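Chemist: Listed here are the chains, written in short residue letters.
2 protein chains.
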Amino acid sequence: MKAVVHAEKTGLEGLTYREIEEMEPGAGEVRIKLKTAGLNHRDLFVLSRHQPTDPPLIIGSDGAGIIDAVGEGVTNVQVGDQVIINPGLGWKENSDAPPSGFEILGLPFHGTFAEKVVVPAENAFKKPEYLTWEEAGVLSLGALTAYRALFTRGKLKAGMKVLIPGIGSGVATLLLQFAKAAGAIVYVTSRSKEKCATALKLGADKAFDSNEDWNQALDGEKMDLVIECVGAATFNKSLEQLRPGGTIVTFGASAGDNVQINLRSFFYGQLNLLGSTMGSGEEYTEMLQFIETHQIRPVLDNMYPLDQFAKAFERMEKADQLGKIGFVIETL
Amino acid sequence: MKAVVHAEKTGLEGLTYREIEEMEPGAGEVRIKLKTAGLNHRDLFVLSRHQPTDPPLIIGSDGAGIIDAVGEGVTNVQVGDQVIINPGLGWKENSDAPPSGFEILGLPFHGTFAEKVVVPAENAFKKPEYLTWEEAGVLSLGALTAYRALFTRGKLKAGMKVLIPGIGSGVATLLLQFAKAAGAIVYVTSRSKEKCATALKLGADKAFDSNEDWNQALDGEKMDLVIECVGAATFNKSLEQLRPGGTIVTFGASAGDNVQINLRSFFYGQLNLLGSTMGSGEEYTEMLQFIETHQIRPVLDNMYPLDQFAKAFERMEKADQLGKIGFVIETL
Chain A
4 MKAVVHAEKT
14 GLEGLTYREI
24 EEMEPGAGEV
34 RIKLKTAGLN
44 HRDLFVLSRH
54 QPTDPPLIIG
64 SDGAGIIDAV
74 GEGVTNVQVG
84 DQVIINPGLG
94 WKENSDAPPS
104 GFEILGLPFH
114 GTFAEKVVVP
124 AENAFKKPEY
134 LTWEEAGVLS
144 LGALTAYRAL
154 FTRGKLKAGM
164 KVLIPGIGSG
174 VATLLLQFAK
184 AAGAIVYVTS
194 RSKEKCATAL
204 KLGADKAFDS
214 NEDWNQALDG
224 EKMDLVIECV
234 GAATFNKSLE
244 QLRPGGTIVT
254 FGASAGDNVQ
264 INLRSFFYGQ
274 LNLLGSTMGS
284 GEEYTEMLQF
294 IETHQIRPVL
304 DNMYPLDQFA
314 KAFERMEKAD
324 QLGKIGFVIE
334 TL
Chain B
4 MKAVVHAEKT
14 GLEGLTYREI
24 EEMEPGAGEV
34 RIKLKTAGLN
44 HRDLFVLSRH
54 QPTDPPLIIG
64 SDGAGIIDAV
74 GEGVTNVQVG
84 DQVIINPGLG
94 WKENSDAPPS
104 GFEILGLPFH
114 GTFAEKVVVP
124 AENAFKKPEY
134 LTWEEAGVLS
144 LGALTAYRAL
154 FTRGKLKAGM
164 KVLIPGIGSG
174 VATLLLQFAK
184 AAGAIVYVTS
194 RSKEKCATAL
204 KLGADKAFDS
214 NEDWNQALDG
224 EKMDLVIECV
234 GAATFNKSLE
244 QLRPGGTIVT
254 FGASAGDNVQ
264 INLRSFFYGQ
274 LNLLGSTMGS
284 GEEYTEMLQF
294 IETHQIRPVL
304 DNMYPLDQFA
314 KAFERMEKAD
324 QLGKIGFVIE
334 TL
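Chains A and B, in that order, are what the protein sequence lines are.
Sequential numbering from 4 applies to the first sequence in this note's numbering.
Sequential numbering from 4 applies to the second sequence in this note's numbering.
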């Protein structure tokens with residue numbers, strides 16, 4: 004089968020589209036013939052950290068397709084089922100942190116940028132019928148991350164004021180859609196006028212330029228919750244927008260890892276900084292119910308054929324996208 | 004009456020012991036003839052921030068004594084009652100942050116380093132009978148802060164592993180006593196061998212030198228909860244000791260305000276950083292019940308007559324104390 008693999012060099016230059024041997028599902032596993040797959044910042048991160056291996060690693064975390072083989076003892080799905088993949092491996096029940104051994108599909112196990120992928124059967128979920136294959140293929144990692152960050156960690160309730168800096172990324176648009184569906188008042192920022200305009204169409208109550216003075220842009224209104232997936236570039240501005248007792252959830256740092264915090268302001272403000280990443284199988288199930296109830300569709304940016312993976316990565320590296328970038332693997 | 008007031012200069016040099024006019028309690032207020040008072044880091048902080056006023060400010064937050072006058076409409080206490088003062092003004096019900104207008108006794112309202120003090124009647128609580136006047140006088144601010152930090156914020160449960168860096172201060176010894184009474188496993192650090200030894204006597208399960216390698220000293224054991232009241236000097240070491248999903252509560256920064264955090268490690272660890280300061284009247288009531296149930300007595304360092312206030316401040320500035328420093332105002 005054909006796949007995008009990480010071989011020979013670290014970084015993007017180490018990626019190639021090539022023939023690779025198909026795998027067989029073991030006990031408790033299923034093989035999925037992929038229709039679509041989704042690109043995440045994590046894939047970029049994997050490329051910078053992973054030492055190329057031989058045989059090479061198939062990267063990619065998000066995908067959707069049809070079961071084409073099942074291993075021994077699999078009962079939850081059968082050949083022919085239309086499924087969507089939860090890329091979190093080994094984190095079933097909700098807990099304050101993943102158990103040891105938790106991994107995300109695409110490192111160290113072969114991922115979804117391929118014609119077929121083998122995953123534990125418990126990671127294959129019935130594809131929500133109202134979603135197109137494109138939408139299903141790009142949903143999982145971002146939607147699970149957004150769900151845990153907003154609800155499990157941020158304890159979002161209707162009427163709360165939420166700020167989402169950097170609205171362009173796939174996960175950020177999902178945060179906006181989820182928060183609005185839950186009845187929150189949602190403010191977003193972006194350096195792009197176009198992205199601000201699209202965010203307003205998606206329901207944002209206010210969208211302003213990330214380079215503006217945030218206090219002015221928010222007119223002194225303070226936030227119950229800030230979901231921070233940008234990192235150092237916006238972190239301290241985000242922190243400043245919290246009301247006393249407010250919460251900032253952080254799960255991304257594509258714009259810098261290291262931040263400085265003034266402890267005295269932090270504790271006088273009774274603030275909360277909560278780290279989050281991905282989520283459990285239980286949260287994945289809740290997330291699917293939530294999006295089905297509210298008929299939420301991920302915003303699609305561009306879809307590429309798998310052999311044009313380089314264009315997709317380039318678009319993400321430049322942060323040009325609004326919404327999810329994905330791959331069409333099998334003609335739909 | 005005699006009082007320690009902050010006049011003319013900022014800082015310690017601005018403090019004098021002098022005659023000052025006695026106040027009358029207004030409606031809903033009581034006047035307390037003080038037996039004892041307690042010194043806190045906050046008093047040092049007030050001296051560095053407060054612009055001296057005329058008439059000068061009586062500083063001090065902690066105290067205990069006997070009601071000697073009550074204003075109109077006061078029903079919860081009467082003249083002659085033995086009381087202990089909750090120094091938190093205007094924060095009655097438990098909430099995630101104090102309401103606006105919240106103040107701590109001793110700035111901007113006259114405090115307890117005086118023969119008498121006027122406070123809202125709701126801040127006067129029946130003195131726990133098993134406590135001596137010395138113990139009652141030094142208890143409140145530290146015990147309330149420790150209670151909120153450990154229980155409301157840190158959600159301490161029996162069996163949890165707790166680390167308390169910098170065990171010398173009054174509030175740190177209370178943290179240790181409270182956490183042990185609640186059934187936690189408690190580790191502490193100090194730069195002083197003597198303080199480590201005393202902490203072990205107070206029930207600490209392990210006490211080690213703050214300058215040691217903490218990972219080695221803890222033998223790789225990771226913490227559910229760290230209560231951080233030192234600040235920059237220990238903050239990052241504290242953060243490193245958390246288990247995945249663990250919590251660090253911060254309420255003090257006497258050793259530096261500004262810290263650097265690596266966001267990626269923080270969110271991969273699903274960590275929690277929670278700011279805390281003081282507590283509500285509700286928490287004060289719970290704290291009094293808790294110490295009575297467990298017969299907890301604050302560790303007394305030195306008690307001074309009020310006119311020797313300079314010695315007390317000096318001792319605190321040098322961090323020589325183990326436990327609470329206080330004042331005996333009326334011969335007991």
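Hint data in this document are derived by calculation from the structure and do not stem from the laboratory.
Be aware that a few hints might be false.
All copies of an identical chain are treated as equivalent in the list; a pair is satisfied when it fits inside any one copy or across any two copies.
Unchecked claim - Once the Cα atoms are required to be at most 20 Å apart in a straight line, the calculated EDC-like pairs of lysine to aspartate or glutamate come out as: (1) K12 - E22; (2) K158 - E132; (3) K183 - E224; (4) K160 - D212; (5) K158 - D99; (6) K240 - D260; (7) K5 - E16.
Note that the structure is predicted; figures quoted are calculated from it, not measured.
Chemist: Hint by hint, say whether it matches the structure.
Modeler: Checked hints:
1. Proximity of K12 and E22 under a CA criterion of 20 Å is satisfied intra-copy only: 18 Å inside one chain copy versus 80 Å between copies.
2. Taking CA atoms no more than 20 Å apart as the test, K158 paired with E132 passes in neither setting, with 28 Å inside one copy and 42 Å between copies.
3. Taking the closest pair of Cα atoms, K183 and E224 come within 20 Å of each other only inside a single copy of the chain (18 Å); across copies the shortest separation is 42 Å, beyond that limit.
4. With identical chains, the CA atoms of K160 and D212 are never at most 20 Å apart, being 26 Å at best within one copy and 45 Å at best between copies.
5. Taking CA atoms no more than 20 Å apart as the test, K158 paired with D99 passes in both settings, with 14 Å inside one copy and 13 Å between copies.
6. Taking CA atoms no more than 20 Å apart as the test, K240 paired with D260 passes in both settings, with 15 Å inside one copy and 18 Å between copies.
7. For the homomeric pair K5 and E16, the shortest alpha-carbon distance inside one copy (18 Å) is at most 20 Å, but the shortest distance between copies (79 Å) is not.
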